[in-house]
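Trainee: As they're listed, the protein sequences go chains A and B. With the working numbering applied, the first sequence corresponds to residues -18 to 305, in that order. With the working numbering applied, the second sequence corresponds to residues -18 to 305, in that order.
Any given hint might turn out to be false.
No distinction is drawn between identical chains; accordingly, a pair holds when it is met within one copy or between any pair of copies.
[To be verified] In silico SDA-like pairs for lysine to any residue, Cα to Cα no more than 20 Å straight-line: (1) Lys0 to Gln19; (2) Lys166 to Ala36; (3) Lys153 to Tyr92; (4) Lys80 to Gly242; (5) Lys14 to Asp120.
Calculated directly from the structure, the hints in this document are not laboratory data.
There are 2 protein chains.
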Amino acid sequence: MKEFDLIGNYFAKGGYVRKDVLLGIGDDAAVTKVPTGQCVVTTTDTLVEGVHFLADTAPEAIAHKAIAVNLSDLAAMGAEPAWISLSLSLPSIDESWVKAFSEKIHSLSHYFSFQLIGGDTVQGPLSITITAQGFIPDDNQITRSGAEPSDWLLVTGCLGDAGVGLDILTDKVIVSNAEHASYLKNRHWFPTPRVLAGTTLRRVATSCIDVSDGLIQDLHQVISRSEVGAIVHLDKLPISEALGKNIENLTDALTYAATAGDDYELLFTVPEEQRVYIETALASYNIPVTCIGQITGAAGKIDLRLDEQPFEFESKKIGFEHFS
Amino acid sequence: MKEFDLIGNYFAKGGYVRKDVLLGIGDDAAVTKVPTGQCVVTTTDTLVEGVHFLADTAPEAIAHKAIAVNLSDLAAMGAEPAWISLSLSLPSIDESWVKAFSEKIHSLSHYFSFQLIGGDTVQGPLSITITAQGFIPDDNQITRSGAEPSDWLLVTGCLGDAGVGLDILTDKVIVSNAEHASYLKNRHWFPTPRVLAGTTLRRVATSCIDVSDGLIQDLHQVISRSEVGAIVHLDKLPISEALGKNIENLTDALTYAATAGDDYELLFTVPEEQRVYIETALASYNIPVTCIGQITGAAGKIDLRLDEQPFEFESKKIGFEHFS
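Just chain A, with the same shape it has in the complex (with noise of 0.2 Å):
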């Protein structure tokens, strides 16, 4: 295994260097200190080859998809991202692969100022788990249990990009036009997370979630936590210009945009008084934000509208296994 902790030279160097690291990559653990003040939040992802990215896909794709899954948590929280802990589980040594995957995380610290303080470098069949630490002021957590009714829904970006463009891969979609496709694909490579549009929820936002198994399923969480329903407005999803050129039939367009996962944007709610303040907060970063829906006293229902008319997915159309 000594040529595994070779490995671990890729990822000592390059990285973004914060002052609150008092100890990185190197010793038994690493040591660091949180601001007083602030909270310490924590997640952890995992992404398997061949479960979470399709075999063959780039080093800097996955290691792309492994950070942005996790700060997008974060985001979620309302957190800042920190520090990153790192487990590549690799079956064979491929140099150029690591210094591709690697390079990728260190570029990424650097955008998003975290630094990578640790991990583990082991033989074993493509995987990698990530836990990232962040910091929120205390008690200025958001969870997925505040929301109440007649608090606002929005949601940032657009929705289902990730979905076409992993069905693009995998040869169920045809998408002629060049760069749409290229767009399309690129969402679900390299999903952004929202990471300045979470912390610009705090104290504002009395739910949010990110959208990763798909809008239908996650906002489930929401008000299941909540313990309120939800109206939504199908026909007000943020549908980008490649998906909606391109996947003509609209009941498969809103599906791809209420049910495929993998977008990474966040869903929250804000209550009346608050919505123009984040609209406008929001816009000021040039988030894109819009208002899908409103939260319900109807606990554990979500009313699917289009045009005003109530709604039903079929249950077999794309993504809808994911949703029960």
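Assemble the complex: chain A is given as a structure, and chain B must be docked to it using the hints.
Mentor: Here is chain B on its own, set in the frame of chain A:
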């Protein structure tokens, strides 16, 4: 993957609950609070079936080892455990396996006062990644880099047992005494993380590492990081009755003690003026400790002695492929 989410239910309840965990399992991330004047110590270790543990190892032993190796890293820094994140990759759902595994995690959480704050359960080859977070008072961490010439070199417990235990399980060694065989196998399956010893070493030890790769290899880490050398008296190595009575060839016994891994004892250095204090303090906790040598100024050099005479291991001996 929904069925895998259900597995999370085994982990959400039954474990130790800490007051510094403001939000545990069940949201996008956990929220925790570090006490004033304390640093966070973070370590990550991954165990892969067939690499770090034998196929068909009992789930209780896998759970124990996954926790122990991480707590051992915290102990080597002088830190006390606080929070654990667990990523469990399972090839398929075996509820009795998950039940046994999770119950062992819960049992250890009560014993060591840590809380399981989150994680991930995915479908994939059997492997476990744990990120452990603990506390240490500001500026009290014990690193690998502080050993000074003339410091004494000490080790807790006995060495080599886990290596013999593994060789019994893989039919490389036969131990006919059933009680001894059972003890040695249990030392492999259920290593003891030296948490109390670690906190006792704060402000006393000049360096510390846990013996995971074998005494000599881990000592190399310390002398390399500390830019010193060491003399090791092999005749002083602490050897259990079970190992001593069953590995009758002295060189074989010493090879296990000096080069086999997975004992998870603490190897540490203390200045002359602290030696009696630490020996007394550890004795008062019933933690065996043995002085096995001394730090020298011969940077990078480990001087092995047997009955005061220079000694060399044959490079082909058990465990020696780990040692360079």
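Trainee: For every hint, state whether the structure bears it out.
Mentor: Now the hints, each set against the structure:
1. Lys0 to Gln19: For Lys0 and Gln19, both the intra-copy (16 Å) and inter-copy (16 Å) Cα distances are at most 20 Å.
2. Lys166 to Ala36: within (15 Å within a copy, 39 Å between copies)
3. Lys153 to Tyr92: Intra 34 Å, inter 51 Å, cutoff 20 Å: neither.
4. Lys80 to Gly242: neither (29 Å within a copy, 29 Å between copies)
5. Lys14 to Asp120: both (19 Å within a copy, 10 Å between copies)
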